[in-house]
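Novice: These are the residues of each chain, in order.
There are 2 protein chains.
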Amino acid sequence: MKIGILGTGTVGQTLASRLAELGHEVVIGTRNVEEKLASESKDMYGNPPFKEWQKEHGNIRLVKFSEAAEFGEVIINATKGGSSIDVLKQAGENTLNNKVLVDIGNPLDASKGMPPSLLPELSNTSSLGEQIQSSFPQAKVVKTLNTMWAGIMVNPQMVNNGDHTNFICGNDEEAKQTVRKLLTGMGWKDENILDLGDISSSRGVESFLPTWLRIMNSKQSAAFNLRIVE
Amino acid sequence: MKIGILGTGTVGQTLASRLAELGHEVVIGTRNVEEKLASESKDMYGNPPFKEWQKEHGNIRLVKFSEAAEFGEVIINATKGGSSIDVLKQAGENTLNNKVLVDIGNPLDASKGMPPSLLPELSNTSSLGEQIQSSFPQAKVVKTLNTMWAGIMVNPQMVNNGDHTNFICGNDEEAKQTVRKLLTGMGWKDENILDLGDISSSRGVESFLPTWLRIMNSKQSAAFNLRIVE
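Chains as they are written, first to last, in my numbering: chain A, 1 to 230; chain B, 1 to 230.
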């Protein structure tokens with residue numbers, strides 16, 4: 001499948017390399033290709049500049065946001081939550097129409113101290129997932145994978161023999177089925193993908209981030225996930 | 001141990017009957033004892049009036065908030081999050097000083113549609129747990145049990161053989177130890193009680209409620225919990 005990933009951070013890189021390894025055709029979108037490839041800066045977590053990663057992943061092209069959106073049958077939003085709607089506008093509404101748009105962003109707000117809170121305009125009585133859907137009404141937005149560390153997104157076997165929960169929500173059943181197939185391709189067991197209903201459930205899954213951040217702090221590790229047990 | 005529970009709803013009743021069954025001396029506090037015992041109204045979930053429950057639990061006295069706070073070595077806040085600080089003021093700051101105050105409230109806001117959101121003034125960059133602690137600085141506030149259905153709080157064996165996670169946080173280590181003992185007495189395994197640090201982690205655990213509500217809606221059951229797996 002042709003996949004266009006928006007965002008060059010750790011999440012975008014991790015998804016891109018795993019999906020390419022599984023045989024998908026993958027491109028990564030960024031604002032300015034030349035600048036990104038020239039940059040020597042580490043990210044806020046001390047990860048090496050993008051060009052180091054690119055050297056080892058020559059099969060994954062870095063392109064402009066709009067080109068990534070055109071290329072992909074499925075588009076994955078792996079940008080920072082506060083910038084996502086701007087980025088998707090750069091990708092182009094017409095380009096996104098009728099496509100499956102997987103949103104794994106979180107509306108984190110680091111401006112009010114650490115650990116981050118959520119951007120007030122994108123949380124509580126709203127959410128990033130909902131606002132993406134309402135800004136791009138013809139796109140088929142599916143929210144998933146935003147509740148865990150990138151390493152686990154693409155390799156769920158890493159913890160508890162793969163038995164833990166990934167949420168999914170969205171308004172379009174066929175789009176959710178397409179995303180389920182991508183997820184099971186990465187190792188997710190179908191019974192561990194919990195459908196929370198329409199895109200308004202983005203409020204529920206994005207609200208988990210402050211919980212996640214506190215657990216991460218307590219464990220001093222991001223290599224965990226939640227499992228819903230009955 | 002002498003325990004004063006504030007709040008006559010399902011959570012207060014469930015905790016009271018279980019703790020009494022385990023041999024603790026328990027009273028329940030309310031605003032107006034006569035009114036509460038006279039009331040014929042069901043609660044918003046259709047549960048019978050308090051007096052029906054009281055008939056079957058004659059060993060648990062219903063008293064004023066202030067009397068419950070005086071009686072208890074441990075006080076449990078099981079009132080609605082939006083009213084909790086008012087209730088605790090009625091209980092009396094001097095009475096609460098130096099006592100362990102277990103907060104299991106959630107700042108739910110049903111005024112902006114269902115499922116409830118969180119009260120903006122008690123969430124995101126603040127929390128109920130923190131505001132209780134700052135309003136009653138000499139009380140030893142411990143936040144726990146707020147992330148699950150009451151039936152599971154008092155009987156964790158009900159799901160997954162008792163293997164699921166209960167969070168705890170608070171500024172006073174000794175108070176957290178006291179609460180751990182109460183929890184293990186109700187059947188919680190010590191290794192499943194995850195300490196998230198000081199009371200500011202209330203933001204993390206209260207933020208889980210919107211997640212919980214969506215999972216509950218998807219499962220059409222409250223008989224689940226989360227388990228953190230690694």
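Don't take each hint at face value.
The calculated lysine-lysine pairs, modelled on DSS-like cross-linking and capped at a C-alpha distance of 27 angstroms, are [as the list claims (entries may be wrong)]:
| no. | chain 1 | residue 1 | chain 2 | residue 2 |
| --- | --- | --- | --- | --- |
| 1 | B | 36 | B | 55 |
| 2 | A | 219 | B | 176 |
| 3 | B | 219 | A | 189 |
| 4 | B | 181 | A | 219 |
| 5 | B | 36 | B | 51 |
Rather than coming from a laboratory, the hints here were simulated on the basis of the structure.
Novice: Need the list of violated hint numbers for this structure, in ascending order.
Specialist: Structure breaks no hint.
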